[in-house]
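Engineer: Sequence:
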Amino acid sequence: MKRIMKYGVVLVGCGYMGATHLDNISNHPQVNLIGVSDLVEEKAKEFADRYQAASWSTNYNDYLVRDDVHIVIIATYPSSHLEITRACVLAGKHVLCEKPMAPNLKDAAEIVQLGSTAKTKVLVGHILRHNSTFQRVGEMVRDGAIGSPVVMRMSQIKKTVDNWKSHLALLNQVSPIVDCGVHYVDVMRWFTGAEVVSVSGFGQRLEPDVPEHTYNYGMINVKLSDGSIGYYEAGWGHNMPNENLKEFIGPKGRIRITYRTHRPLEEQHLGNLIELEHYPDGRKEEFNIDFSYKPTGSQFQYLIRMIEENLDPKPYLQEFYRALEVTILGDKAIHEGRTIACVEQRLPDVVNL
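Read in the UniProt record's numbering, the sequence shown has 189 at position 189, and its numbers run on one by one without any break.
Calculated directly from the structure, the hints in this document are not laboratory data.
C-beta atoms are modelled at their ideal positions from N, C-alpha and C, and glycine is treated no differently.
Treat the hints loosely; a few may be bogus.
So the derived label-pair ranges between C-beta atoms look like this [what the hints assert, rightly or not]:
| no. | residue 1 | residue 2 | range |
| --- | --- | --- | --- |
| 1 | His167 | Ser132 | 24 to 32 Å |
| 2 | Asn239 | Asp62 | 53 to 61 Å |
| 3 | Arg66 | Gly147 | 25 to 33 Å |
| 4 | Asp290 | Glu83 | 34 to 42 Å |
| 5 | Lys119 | Thr58 | 22 to 30 Å |
| 6 | Glu41 | Leu206 | 29 to 37 Å |
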């Protein structure tokens, strides 16, 4: 791949995740922020001003014909991911697309196909893969620090008041289990090296304006091929607490992650906390991991590595497809009230490329 000293970047989608990306890359030494795009003109204008973008537009296609645009960051709702990714790839642009890669497996399979065969690079935003805290804990689990099998307890509950409308819009496309569950199913497979063999779960619609076909609180339970088990709990709503649990328990001990923002105020400057308790001697270790912002910058840097070192995008694309597949099956299990066997689906014309 041709090495470019400075990459022309365009953001599509001027919402929360769009801001999270630009907060961390707008001053990147290899980034020239060509423009921002959003269907809502006021949002596009505001982002262009905030991040000193050279231009703004309500139509992302305006940027795909430009030779000075090299990378497009897609931070829109999942239903538009395939359309925008396809247009970018056909225009010869590299893509960083937010998760979940699509609201259904048909669209996701086409994104995997596009990313696996394109001359440009496609990376899906599974940010925990680029998070130094999760990287460290993954190494500890794989190195046998707590033994095997592992019990994985993961919960992400959000009190949503000011941003309730955006969560309602998202609920019309994916459930809370699918939206962020793709991260944590991926973590379970990544940390253990095992495959999910079955999934079950339950959900509850707790607010009257939640669409009737879905729920705003849910939990999935998974079993893995090495005997490990795990759950992911998610909820959005006015009456929800703000809770964030990430814990891994094995026959030789326990690991717990406490995010910086959930630590006492006087400790937050230390970053995220990893606590390791050994069994049976009860010895405890603590590790402070620097974490001043979401690692969208590290994720973007990995995309540059993909481009400059011609790294194969297929392994990650296939991993993230599988995580989406399991969460969609979990969503189905919730609606049907049963346990579903997670037989891995082979991606036509992709797996053996």
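Engineer: It remains to establish, for every hint, whether it holds in the given structure.
Structural biologist: Checked hints:
no.: 1; hint: His167 - Ser132: 24 to 32 Å; in the structure: holds, 28 Å
no.: 2; hint: Asn239 - Asp62: 53 to 61 Å; in the structure: violated, 43 Å
no.: 3; hint: Arg66 - Gly147: 25 to 33 Å; in the structure: violated, 54 Å
no.: 4; hint: Asp290 - Glu83: 34 to 42 Å; in the structure: holds, 38 Å
no.: 5; hint: Lys119 - Thr58: 22 to 30 Å; in the structure: holds, 29 Å
no.: 6; hint: Glu41 - Leu206: 29 to 37 Å; in the structure: holds, 35 Å
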